[in-house]
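Undergrad: Chain by chain, the residues:
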Amino acid sequence: MDERLEQAAARVARGDRAAFRTVVELTSARLYRLAARIMGGAADAEDALQDAYLRAFQALSGQEFDGRASVSSWLYRIATNACLDALRRRRPRPAAERGEATIAREPSFDGLLAAEARAALREIDRWLGELPPEQRAALVLKTMEEMTSAEIGELLGCSEGAVEQLLVRARAALRQHHGEGS
Amino acid sequence: MSEPQDFIEKRLRRLAAATAAVRPAAGFDDWIVAAAERRSGLVWLDGLRRSGRVAIAVAALAAAASAALALHARDELDDQVLTAFELVELDE
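So the protein lines, in turn, are chains A and B.
Under my numbering, the first residue of the first sequence is numbered 23, with each subsequent residue one higher.
Under my numbering, the first residue of the second sequence is numbered 5, with each subsequent residue one higher.
Because the hints were derived from the structure by calculation, they are not lab data.
Just so it is clear, CB atoms sit at the ideal spot from N, CA and C, and this is done for glycine as well.
Check each hint, because a few of them may be wrong.
Unchecked claim - Sample of chain B residues facing chain A (criterion: CB under 7 Å; computed from the structure):
hint	residue
1	V26
2	A39
3	R43
4	A59
Stated by the list, open to error - Where chain A lies over chain B, by a calculated footprint (3+ residues, C-beta under 8 Å):
hint	segment
5	10 to 17
6	83 to 89
Stated by the list, open to error - Quick look at which bits of chain A chain B covers, simulated, 3 or more residues with Cβ under 8 Å:
hint	segment
7	39 to 47
8	76 to 84
9	97 to 111
10	143 to 149
Start from the sequences, fold in the hints, and give me the full structure.
TA: Right, here's the structure in full:
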């Protein structure tokens, strides 16, 4: 998959716009799941991911991708940053309203989501809603995407030690805000 | 690991498992590609608009250069005419 992705990205950089479809097809499932987990809902994930793919398309078309990282890692970083930007733009919501994004705006492309998955995404949003965006993203990347602290550091643009600090603070905040069973 | 930590890890693992199969419907890829195509169209138009502005600036510079050349040429012509008149007067 990675080789096909690298080739498709190279074709986009050479001006073959149609190759961008291949880039999307090879990566959208993983990135959609990542965005849905960080955002705690499918609707917000779709918006963040559209933003991420547009940034990627512009960067590839403008030959701004320097190839130092793999295309896959680079896209992961763009998607994570788009989610962080979206979380920062969110107005603080009372705990009772979190996880209810699907009521405000129905996601358009979640036809394959099982009821259990929808409920779990709402629970993520409710549960992690009080964490700062970086702590929330670090926790999701570590525990759900099973990435190492070094990999998370590359995505978030910070050191491995800083990632460990984010994780410690996130867990402490969860312990403080949520008792067992809440 | 303390009890609350255990609870946190268990809950995170459960949520990870429950969302493992999350993926978009087929139309999502088309939606993304269409958005990128719209954006590239806008970028193209923007480039055209910007290149239009460059063309106006180049045309303005060319007009200024033409005016300067015309003035210079007129001065040279005046000098030549005056020189010709002086020569005629001297001959007389």
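Undergrad: If a hint holds in the structure, say so; if it doesn't, say that too.
TA: Hints, one by one, checked against the model:
This hint holds: V26 (chain B) has a C-beta 4 Å from the nearest C-beta of chain A, less than the 7 Å allowed. Taking 7 Å as the C-beta cut-off, the interface hint given for A39 (chain B) holds, the closest approach to chain A being about 6 Å. Annotation: interface hint on R43 (chain B) holds; nearest CB of chain A at approximately 5 Å, less than 7 Å. Because the smallest distance between the Cβ of A59 (chain B) and any Cβ of chain A comes to about 22 Å, over 7 Å, the interface hint for this residue is violated.
Check result for the segment 10 to 17 of chain B against chain A: holds, 6 residues qualifying (beta carbon to beta carbon below 8 Å, three or more required). Evaluation of the coverage hint for the segment 83 to 89 of chain B: breached, as 0 residues show C-beta separations to chain A shorter than 8 Å, against a requirement of three. Here's how the segment 39 to 47 of chain A fares: 5 of its residues keep a CB closer than 8 Å to some CB of chain B, so the rule of at least three is met and the hint holds. Look at the segment 76 to 84 of chain A against chain B: 4 of its residues bring a Cβ nearer than 8 Å to a Cβ of that chain, three or more, so the hint holds.
Using a Cβ-Cβ cut-off of 8 Å, 0 residues of the segment 97 to 111 of chain A lie near chain B, which falls short of the minimum of three, so the contact claim is violated. Restraint check on the segment 143 to 149 of chain A versus chain B: 4 residues with Cβ-Cβ distances below 8 Å, three needed, restraint holds.
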